[in-house]
Each structure stands twice: as structure tokens, then as C-alpha cells.
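Mapping to UniProt numbering: the sequence shown position 178 is 178, numbers consecutive.
A couple of the hints might just be wrong.
[Claimed, not checked] Calculated pairs, DSS-like style, for lysine-lysine (alpha carbon to alpha carbon, straight line, at most 27 Å): (1) Lys239 to Lys229; (2) Lys201 to Lys229; (3) Lys229 to Lys209; (4) Lys239 to Lys209; (5) Lys201 to Lys239.
If you are wondering where the hints come from, they were derived from the structure by calculation, not from laboratory data.
Keep in mind the model is a prediction, meaning the values are calculated, not measured.
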Amino acid sequence: MKQKKYKLKYPLKISFTHRLVVSFTLSRSHSPSDDYKVIRYVSVLGERPDCGDLSLNLLEDISLHSSWEIYSLRSNSWRKLDVDMPYSLHCMEGTEVFLDGVCHWLCEEDSSAGPCLVSFYLSNEVFFITPITSNDDYFVFEAWWINLVVLNVSVALFSYHEDMTFHISILGEFGMEESWTKLLIVGPLSCVERPIGVGTKGEIFFIRKDEELVWLDLSTQMIDELGFKEEDYRIIIYKESNLPIGGISN
């Protein structure tokens, strides 16, 4: 990689921050080229002794501006995307999901587009913004915990609130605020210490107040123990792939 030098009027420590907005590694684009792709948001930050972190977008050189990039496994290269998409400010775990060639991620209330879901098509590189209403008493970004998942071949939003209830909404048509449909409200569940994730069939995994790892079956609304007691847990969805380590041959 070639390096460029920039002369600044004040001492500035430069660091390059790659914000990955999708939780998968390689995802099939569902295009005729049969390619696998990754997208990322690249944010360039500087650090001054008197100011802390400082965005370099204020500099005149446009090459330092934050931008979207896409990687193609077939070409084994990155290139910039000519799109102005909102990005997740905090990149919280569990707020990105991939379904049928489309990357989805949540954007917080203080993003430029307001609270929303961004959906990016890997095949034709277009995106849609679906607003998330704040008129609901159970506004998702005021929840204690949120999780974006695939449920019954649809994008679903799980949230856990102060009154100890889980709310589950399903996304319909992209780009329409009215597309979110409340599917289910579970609880209140006073035994929940903290949720940690959602399984492939909509199972909600959480830590009980006695520190036991348990899961809630939505179909029966029964809670089962998994026989583990640890301080830290993570839920990771594993999907087997036949993709060779060396990439795709031309």
C-alpha cells in the first residue's frame, strides 16, 4: 500500500478507523457474477493534544474524507462506493443482519437520517432507508436492548424495555415507515437480568437473575435452562459455507 504525506499546521496524530457495518464476513451478492462481497465505512480520525479526537473531513484534501468501500472476492480488491448512506454511529453488536443479498443495519436517532433501518443491495449497489417511528410508547432506541435478526425469512427487530417486556416487529416493504408490524409482545419477565441474543428460530437467550443462561421459546413462551453459569456470554450465528479459503476461481 502506497503512503502519502500531508503537512499540517499543528501536531496531529492520524489513525485510520474502518467501521464494519455488517456482521458477516463474506456474503453472496446474488448477481450473475456469483461474487462474494463485503462493505465497510472508513472513517479517518486525527488526534490533537488539546482537542482529543478530531475528524479530518475538515481538511481540504478530499482523499481523507470518510467514505464507503466495497470488497469483491472475485477481483480481490476494494473500491469506493459513490453513495451517501447513513452509517451506524456505535456499530452495536446485534444491529446488523444479511438476508437474500441485502445488508441491513440500524442507525441511531442522532444519525443524519434519524432513527432508521438502512438496506443495501450488494448486486446493484443501491440502498433504501426505512424510518423507525418514535410515536410508539415503546420506541426501539429507548429500549434497554435491541437486536436485528432474520425470522421466518423476514427482517425482525427485537427490543427489551424497562417494563421487562420483549417487543418483536417484522419489516415489510423497504422504505416505508408503515412497514413495521408489531408481531408479538412477551412478558413482563421479572427473571431477566440481561438479554444476550436471538437464535435462528427466534429463541431469545438471556441471563437470568440467578446468573443462569436460559432461552425463551417464542412458540411455547416457555423458559429452559442451558446448564451454564458464566460471567460473559455471546451469541454467534454460524452458517457453513463451501467457499474455498483461496477464494473463487475465475
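Each hint tested on the structure:
no.	hint	verdict
1	Lys239 to Lys229	26 Å, holds
2	Lys201 to Lys229	23 Å, holds
3	Lys229 to Lys209	11 Å, holds
4	Lys239 to Lys209	31 Å, violated
5	Lys201 to Lys239	14 Å, holds
This entry does not satisfy hint 4, going by the numbered hints stated previously; all others are met.
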